[in-house]
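Chains A, B and C, in that order, are what the protein sequence lines are.
For the first sequence, the UniProt record's numbering begins at 1 and goes up steadily by one.
For the second sequence, the UniProt record's numbering begins at 1 and goes up steadily by one.
For the third sequence, the UniProt record's numbering begins at 1 and goes up steadily by one.
All clues stand as given, with none of them false.
List of simulated lysine to aspartate or glutamate pairs, EDC-like, C-alpha gap at most 20 Å:
id, chain 1, residue 1, chain 2, residue 2
1, C, K92, B, E134
2, B, K72, C, E50
3, C, K5, A, E350
4, A, K411, C, E26
5, A, K341, C, E23
To spell it out: a stretch of chain A is covered by chain B in this simulated footprint if at least three of its residues, at any positions, have a beta carbon under 8 Å from a beta carbon of chain B; those stretches are:
id, segment
6, 96 to 107
7, 198 to 211
8, 231 to 240
9, 322 to 335
10, 353 to 364
To be clear, the hints were calculated from the coordinates, so they are not data collected in a lab.
From the three backbone atoms N, C-alpha and C, an ideal C-beta is built for every residue, glycine too.
The residues making up each chain are set out below.
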Amino acid sequence: MINSTVAEISAALAAGDISSVEITQAYLNRIATLNGELNAFITVCEDSALLQAKAADDARAKGNNSPLLGIPLAHKDIFCTKDILTTCGSRMLHNFVSPYNATVVERFIDAGTVLLGKTNMDEFAMGSSNETSYFGDVKNPWNTEFVPGGSSGGSATAVAADLCAMATGTDTGGSIRQPAAFCGVTGFKPSYGRVSRWGMIAFASSLDQAGPITKSAEDAALMLNVMSGLDKKDSTSIDRPVEDFTASLDQPLKGLRIGVPKQHFAEGLSREVEQAVRDALAEYEKLGAIIKEVDLTNSHLSVSAYYVVAPAEASANLSRFDGVRYGYRCEDPVDLEDMYKRTRSEGFGEEVKRRIMIGTYALSAGFYDAYYRKAQKIRRLIKDDFDRAFEEVDVIIGPTSPHTAFKLGSKSDPVSMYLEDIYTIAVNLAGLPAASIPVGMANGLPMGMQIIGKYFDEAKILNVAHQFQQHTDWHKQKSTALVTASGEA
Amino acid sequence: MEWETVIGLEVHVSLSTKSKLFSGSSTEFGAPPNTQASIFDCALPGTLPVFNEEALRMAVRFGVAIGAEIGKRSVFDRKNYFYPDLPKGYQVTQLDFPTVGKGSLTVTLADGSEKVIGVTRAHIEENAGKSLHEEFSGMSGIDLNRAGEPLLEIVSEPEITCAEEAVAYLKKLHTIIRYLDISDAIMAQGSMRCDVNVSIRPKGATELGTRTEIKNINSFRFVEKAIYSEVARQQEILEDGGRIIQETRRYNADKDETTSMRSKEVANDYRYFPEPDLLPIVIDDEYIAAVRAQLPELPDAREARFVEDYSLSNYDAGVLVSSRELAEYYEIVARSSGDSKLAANWVSQDLLGLLNKNNWSIADSPIQAERLATLITRIKDNTISGKIAKTVFEAMIIDESGVDAIIESKGLKQVTDSGEIEKLVLEVIENNPEQVQQYKDGKAQVIGFLVGQCMQLSKGKANPGQVNELLREKMQ
Amino acid sequence: MALDKAEVEKIAHLARLHISESETEEVTTRITDILTLIDQMQSVDTEGVEPLAHPLDVVQRLRVDEITEEDQRDRLQQLAPASEDGLYLVPKVLE
Numbered sequence: 001m002i003n004s005t006v007a008e009i010s011a012a013l014a015a016g017d018i019s020s021v022e023i024t025q026a027y028l029n030r031i032a033t034l035n036g037e038l039n040a041f042i043t044v045c046e047d048s049a050l051l052q053a054k055a056a057d058d059a060r061a062k063g064n065n066s067p068l069l070g071i072p073l074a075h076k077d078i079f080c081t082k083d084i085l086t087t088c089g090s091r092m093l094h095n096f097v098s099p100y101n102a103t104v105v106e107r108f109i110d111a112g113t114v115l116l117g118k119t120n121m122d123e124f125a126m127g128s129s130n131e132t133s134y135f136g137d138v139k140n141p142w143n144t145e146f147v148p149g150g151s152s153g154g155s156a157t158a159v160a161a162d163l164c165a166m167a168t169g170t171d172t173g174g175s176i177r178q179p180a181a182f183c184g185v186t187g188f189k190p191s192y193g194r195v196s197r198w199g200m201i202a203f204a205s206s207l208d209q210a211g212p213i214t215k216s217a218e219d220a221a222l223m224l225n226v227m228s229g230l231d232k233k234d235s236t237s238i239d240r241p242v243e244d245f246t247a248s249l250d251q252p253l254k255g256l257r258i259g260v261p262k263q264h265f266a267e268g269l270s271r272e273v274e275q276a277v278r279d280a281l282a283e284y285e286k287l288g289a290i291i292k293e294v295d296l297t298n299s300h301l302s303v304s305a306y307y308v309v310a311p312a313e314a315s316a317n318l319s320r321f322d323g324v325r326y327g328y329r330c331e332d333p334v335d336l337e338d339m340y341k342r343t344r345s346e347g348f349g350e351e352v353k354r355r356i357m358i359g360t361y362a363l364s365a366g367f368y369d370a371y372y373r374k375a376q377k378i379r380r381l382i383k384d385d386f387d388r389a390f391e392e393v394d395v396i397i398g399p400t401s402p403h404t405a406f407k408l409g410s411k412s413d414p415v416s417m418y419l420e421d422i423y424t425i426a427v428n429l430a431g432l433p434a435a436s437i438p439v440g441m442a443n444g445l446p447m448g449m450q451i452i453g454k455y456f457d458e459a460k461i462l463n464v465a466h467q468f469q470q471h472t473d474w475h476k477q478k479s480t481a482l483v484t485a486s487g488e489a
Numbered sequence: 001m002e003w004e005t006v007i008g009l010e011v012h013v014s015l016s017t018k019s020k021l022f023s024g025s026s027t028e029f030g031a032p033p034n035t036q037a038s039i040f041d042c043a044l045p046g047t048l049p050v051f052n053e054e055a056l057r058m059a060v061r062f063g064v065a066i067g068a069e070i071g072k073r074s075v076f077d078r079k080n081y082f083y084p085d086l087p088k089g090y091q092v093t094q095l096d097f098p099t100v101g102k103g104s105l106t107v108t109l110a111d112g113s114e115k116v117i118g119v120t121r122a123h124i125e126e127n128a129g130k131s132l133h134e135e136f137s138g139m140s141g142i143d144l145n146r147a148g149e150p151l152l153e154i155v156s157e158p159e160i161t162c163a164e165e166a167v168a169y170l171k172k173l174h175t176i177i178r179y180l181d182i183s184d185a186i187m188a189q190g191s192m193r194c195d196v197n198v199s200i201r202p203k204g205a206t207e208l209g210t211r212t213e214i215k216n217i218n219s220f221r222f223v224e225k226a227i228y229s230e231v232a233r234q235q236e237i238l239e240d241g242g243r244i245i246q247e248t249r250r251y252n253a254d255k256d257e258t259t260s261m262r263s264k265e266v267a268n269d270y271r272y273f274p275e276p277d278l279l280p281i282v283i284d285d286e287y288i289a290a291v292r293a294q295l296p297e298l299p300d301a302r303e304a305r306f307v308e309d310y311s312l313s314n315y316d317a318g319v320l321v322s323s324r325e326l327a328e329y330y331e332i333v334a335r336s337s338g339d340s341k342l343a344a345n346w347v348s349q350d351l352l353g354l355l356n357k358n359n360w361s362i363a364d365s366p367i368q369a370e371r372l373a374t375l376i377t378r379i380k381d382n383t384i385s386g387k388i389a390k391t392v393f394e395a396m397i398i399d400e401s402g403v404d405a406i407i408e409s410k411g412l413k414q415v416t417d418s419g420e421i422e423k424l425v426l427e428v429i430e431n432n433p434e435q436v437q438q439y440k441d442g443k444a445q446v447i448g449f450l451v452g453q454c455m456q457l458s459k460g461k462a463n464p465g466q467v468n469e470l471l472r473e474k475m476q
Numbered sequence: 001m002a003l004d005k006a007e008v009e010k011i012a013h014l015a016r017l018h019i020s021e022s023e024t025e026e027v028t029t030r031i032t033d034i035l036t037l038i039d040q041m042q043s044v045d046t047e048g049v050e051p052l053a054h055p056l057d058v059v060q061r062l063r064v065d066e067i068t069e070e071d072q073r074d075r076l077q078q079l080a081p082a083s084e085d086g087l088y089l090v091p092k093v094l095e
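With the rest of the complex left out, here is chain A (with noise of 0.2 Å):
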């Protein structure tokens, strides 16, 4: 049953065919067993998971039948969960146990789910490998030499590899998307301000946001019925209703119209990727979808934008860990600059002072017209790109990544991994929702299309997604490898 969708687990929670506390302890014996060698988990949480189960178990003995009561689930390390250790994927906060929740969280309490537990990231979210996290590289099912993606790698390994139903992840410019298309998961990035920042670690947060990261569409729905809608404690949290993005999801895709962005078929997107992109877009002409090539003009400078506003704003959200609240503080100072910096450059690994030294040049004097100001008005013909496609076409379809994972330690130089993002920074830089979805094999490695929808259309997306996953079957492909080795199916 760990193998199932959301969907399917929850059917058979109601039909009683299974218990939560039976398939919690499941997914914890899956772990215990896979977790060595994935390195998806940071935090086991055993005890509480199986109370969680049990008190699951009893709520529905009562009545209770909400569509996620008892669904085993894991979160990024990056959202605050109270009492529990909250890492954020860095040596900062290597002792940190959070006194509150995200709302997020809170969101999936409510909802009665089970928290198996924290899984690992890159440091910070600055990271498209999992490389950066001070816990260590995570591993990708399907080979076990080959990075999961990032920053959200430990949850989308974590969902490949059966580890848990479903997880949370953040994406900040390709953090859901691209590690989803690396396992071979399903991954979505919803509208800015859809779901709430409060108590999700900042990085960059006017690109931040969190999202679902599952085995299906469906799933991805059900999960983002829970964690959407307005939280006053975040005011880039948007007043909007929140309507079921389960409801549409079987609606027919005749006479859809599919933007295919030409800038994403370019130079430097490998055969493999760019043929089964092509592929799945034949498989919705069958659908009865039509499909057009868009413009995104500016799409070429959304890596160079992006790695000025992100950085910008991560330098001043990372200011706060100085080790006088909480978290880290270097050994014996002799005075408060040498606590600052020591704390600092001990406490955060090399790719996160990168950022912050380029985000602190963008913003020192003399400097800010030419890269943040200029970034910003780069920002705004990026999303007038996209509103301009987005007159003529419901969707847009490309490639996640330009390949498939590549090997651990294989991408030492900073620029060409920032480069891996390049489809997906512009849908964070324009506030857009964008999911990634599989779309064939490589290899032996999952490769992923990524489809993204007009502001606060993740339910079209959502539609859009299910019906290729109604019609193909790549995203229910399994690593053979894990399967074996944990002696379960």
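Keeping the supplied structure of chain A fixed, place chains B and C upon it in accordance with the hints.
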């Protein structure tokens, strides 16, 4: 060479909201350290700001009161620097789009002349916590209770030309803020703080000289003294052919001098950028009109009304409106006693003298407005003389009972019984034959002496008018 | 744009990061590479384009001025590396 001084003031005022600018923590003064520091105030990871509507209303209220342009769209920015009392590592403030834009206020100088001083802007920002410097095992202690409290920073145009103007501006600002009820504005407690930018230049020059900034001055008097001393310092340097260094200085009241706040810090680079956790604050004309409609009568308008309605001099009215509480006190006394001029004298001289002597506020006054009004009424209805009233006033400070009870118990009631007065008059005539004779010989002014003798004999209680009349009658 | 060592040190100080002598060169190279990537932005003319700070054109919500927080000092100070008498302790703050 003749020099002229250019001064600009930056005044920080703590807005008296119940909760902090971006969190629901209390702003109550004097709580034990860090008991009013929430997870947001301590900058725990993942916490976010939500803006307090009352801080906005107070800022707009101030803006409307000084006739300022109100920013229909104001934007918060982050000002980045590291300091242990700044938990987030940045202060949220307003750089390019403040809530309050250009306005002005009019000050009255000692010679009675008026001067309009421009206010460049007033922006909303958050306060920092406190570093306590007493020893804690060789370390400093940080209290974040104050961190995140709302401040309004009011920046003047560099149009102030001397210490006197600076103090007049500050006092006027203080009065307005107190009238608006947006802050306690107590300098000694830090709810109003002042930074002074000072430069000098040869008289008539158009370019500004290099300025220095004197930080955190906490009394009007020190502002005045700091400016005198800084101007003298700069003048001496320039006249010796030296050069002023642009820097931050501190005023040392004991030595009456400013000293450089030399810090290891390289020139600050605050790396301002728009605060992404907050959205632009947008207000419309309706909002501004509603705030305007709720404005209280402001000091200038009230002064004019006092002159008009109570026939007071500009000077007296100016003194009485200098604080909202005093003006309100005065109005009660004037109305209840029915004698606005007598009320003005008593309030501006006797009452203010009493308060100043004891360093009391109106709220501390042992003599409430109604009691003072009764006292004045008793002067007017001849129960007591003006002179006896001073004695009663003194008694009222320590005796809480009613004015009449005090007059009664101390036997201070004026003697108006003509029989008793006749006895006094006859006694004085008998004891002062020489003066009586002088009067009869046509030296009319001697009557004053004889009245005085009667008053003395009656211990001041006799009605002087009646005494006067009866004396004349008896000496016919 | 290429950075020199002095600039890197200045930025590191602003960000309160310590970069050892041996790291400076590599850090300088890496940052210069990244700035080269970033400088691709300069290829497009953005004259007259309104900067975009937030993806959505929405305005700030206001919070009612009321006290909603309780004293959590003891709990929060358990997280602190050093505290005493309710205060967070840091190396001496020199004014």
